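Participant: Sequences listed follow chains A and B, in order. Quick note: the first sequence uses this note's numbering, first residue 1, plus one each step. Quick note: the second sequence uses this note's numbering, first residue 1, plus one each step.
Simulated from the structure, these hints should not be mistaken for lab results. Certain hints may be false.
[Stated by the list, open to error] Quick look at which bits of chain B chain A covers, simulated, 3 or more residues with Cβ under 8 Å:
1. 114-126
2. 145-154
3. 240-249
4. 406-415
Remember, predicted model here, so these are calculated numbers, not experimental data. In this text, a Cβ means the ideal position worked out from N, Cα and C, and glycines have one as well.
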Amino acid sequence: MAAAWRIERSTAASRAALFAVALAFAALLALPARGDSGDLRLAVEICYSLALAQAWNLLAGYTGLVSVGQQAYVGLGGYAFFALTVLAGMPPLPSLALAGLVAAALALPTAFVVFRLHGAYFAIGTWVVAEVFRLLLAQMRPLGGGTGMSLPVAVVRDLAQSRGARDLITYYLGLGLGLGTVLLVFFWLRSRQGLALTAIRDSETAAASVGIDNRRTKFAVYAIAAGIAGLTGALAFLEKLRISPDAAFSVGDWTANVIFIVVIGGIGSIEGPILGTIVFFALRALLADYGAWYLITLGALAVAVMLLAPQGLWGVVARPLGLQFFPVQRRLRPLNSPQTAPEAASPGRGD
Amino acid sequence: MRTKPMPVSRRHVIGAGGAVAAAAALGLPAIAQPRPFKLGYVSPQTGPLAPFGEADSFVLANVRETFRNGVKIGGNTVPVEIVVKDSQSNPNRAAEVAADLINRDKVDLMLVASTPETTNPVSDQCEVNETPCVSSVAPWQPWFFARGGKPETGFKYTYHFFWGLEDVIAVYTDMWAQLATDKVVGGLFPNDGDGNAWGDKKLGFPPVLDKQGYKLIDPGRFQDLTDNFSAQIGAFKQGKAEIVTGVVIPPDWTTFWTQAIQQGFKPKIASVGKALLFPSAIEALGANGENLSTEVWWTPAHPFKSSLTGQSAGQLADAYTAATRKQWTQPIGFAHALFEVAADVMKRSHGPGQRDATLAAVQSTRLGTIVGPIAWGGAGPFKNVSKTPLVGGQWRRGGAFKYDLVITSNATAPAIPAGGKMAAIV
């Protein structure tokens, strides 16, 4: 009987879809040739929002770490970038990379504390940690305290002399961050550690019983997500030119919006956050000028999706079609009739 | 709130097409519509700072009416387009919308108002992206020094008009000198842009109060949106402070003042910046708002006229009340003055798309506005900063509205008439 089955990873549809993704990426690479600097800035914002969404999805969707304190690492990354460039006088590009490392490094001791909490307590704990970092930074006079500080024009010029060249550099940095995060998550989930992640998501006890080191895996995911948030913070505040504790550790901008993206897109898949990012920025472009109504619409949409389509919009689109752009699961199919519907397989939420 | 292009219906297009065809048939020269001179305007219209942007829609409607037929620039009539963005009281959002206005809308001149949390991110974007910018409604020190401004070099693209800490200190001490007190002052300085500047040991209140013989009790910086002021109240009570001052956000003042009364602390004078600017904040205190004092940057009694509409300060405030049935607020004058500067700059510019000429026009501004004369190009920070007059006032009940702001100190600007003398809080 066993010989009549085979393990399948990619399907014809997913291979075609991957090709489409590659085409879209090529189009993005060529965007600076056509878009003006406004388009490029928006693209950078979309890219780092996607990176944050993928990182949060990895935390909450795969490891079950529902953090509402990712703004801690965005803020730390942003402040590390300002400290390195303005106070230490380092060039912007190495500072950017180092800011990500600083955030990841600070995540490790933090994890020791917050990992003692579970479920809702963990969520609140991460938020408290972010507030603690915000209050600490508000006391640091050399970084402007509660007033905040501006990035001197000289530092920005250090990146590139002309505005056009600066736009180009930040655009490719943003694209690299967004795409890099997607690929990182994709290859991670296809690896042995990816299997461990999905096992932990489904049952921590069962995962431990088959020999997975839950604690080490969670530490790794938490630190990587913090590193991505740190890089995002550095890039975002290089674009915003000014940092203050309230802006850097804003729970709305860096966590609530990101949770919205992942939830409406579809948690526990790579495609979900991508779709969610597109939907979020489309809504913002259409509605942001309507003040409070914009936020009410976002909230209503999130509630509707959670009630009517808990798998998110991507689940609604992809489930019936068996569609996958980024195949990370293994399906079991009978060898003689490849057309059999996926119920023969073990679909789960994407394993 | 953003300016939308006039909706163009199919009929309009066909009609216009017909007119063009007719004109062509008659051999008339087709006149190309020139590119409009674009003004960007950023202010907090929603969120905790929304009272600062409350008058914006009135001011904008008024200004759009005067710009309806365009402005004359070097003999040509150029249409004016105003693109309005809401900062949502969020510095991140302020930076984003400013970048959008610069890169996407390609504004020729940026205008921005209200609190360092709005003016600073927008000014920073303009300085780096080389767009002329005029800002207001933030004391000049938190705008200049908190952005890393160096008096020797200053900024190239960003210009500001408002008063400074030296003015508010002079006004407050003049108000306090009118009453007999023990000269002990309790200071409420939060850890934000304004609070850090006011409480600064070198540039803020402490050195001046020291010199004038006041004893300052400063319990230290606190975070905005604090819900317990017992520590501060305890310190003020223990030091027997008869004067309270500071610069706090409106909800924090309501919390502090309510708790102070509960705990039996009632100073003779409370002169507070930012929190007591708006009638709504005073009304929220019920009967406990009587005789609280604040700095006054603009009132209907200011003896200035608009260079744009010819209205006096009183006429502008009356027009606001007639249009909105609301009591006048101080930002009306300053929002209007920003557009006065814009109109004057446009007239002296070389038209849209001429950045260097627009910048030169900003730099050489010499204009009498509804908030007083504005000119840049002085020494040090005053290359980028133009100061407007400041007086002080007390909120009193019994006028046309629940509370009225009465000017009680004009020693710093005698041209602005005083309406009464300081009275102690009872």
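Participant: For each hint, tell me whether it holds in the structure or not.
Facilitator: Cross-check of the supplied hints:
no., hint, in the structure
1, 114-126, "holds (count 6)"
2, 145-154, "holds (count 3)"
3, 240-249, "violated (count 0)"
4, 406-415, "violated (count 0)"
Violated hints, listed in ascending order, are 3, 4; each of the other numbered hints is respected by the structure.
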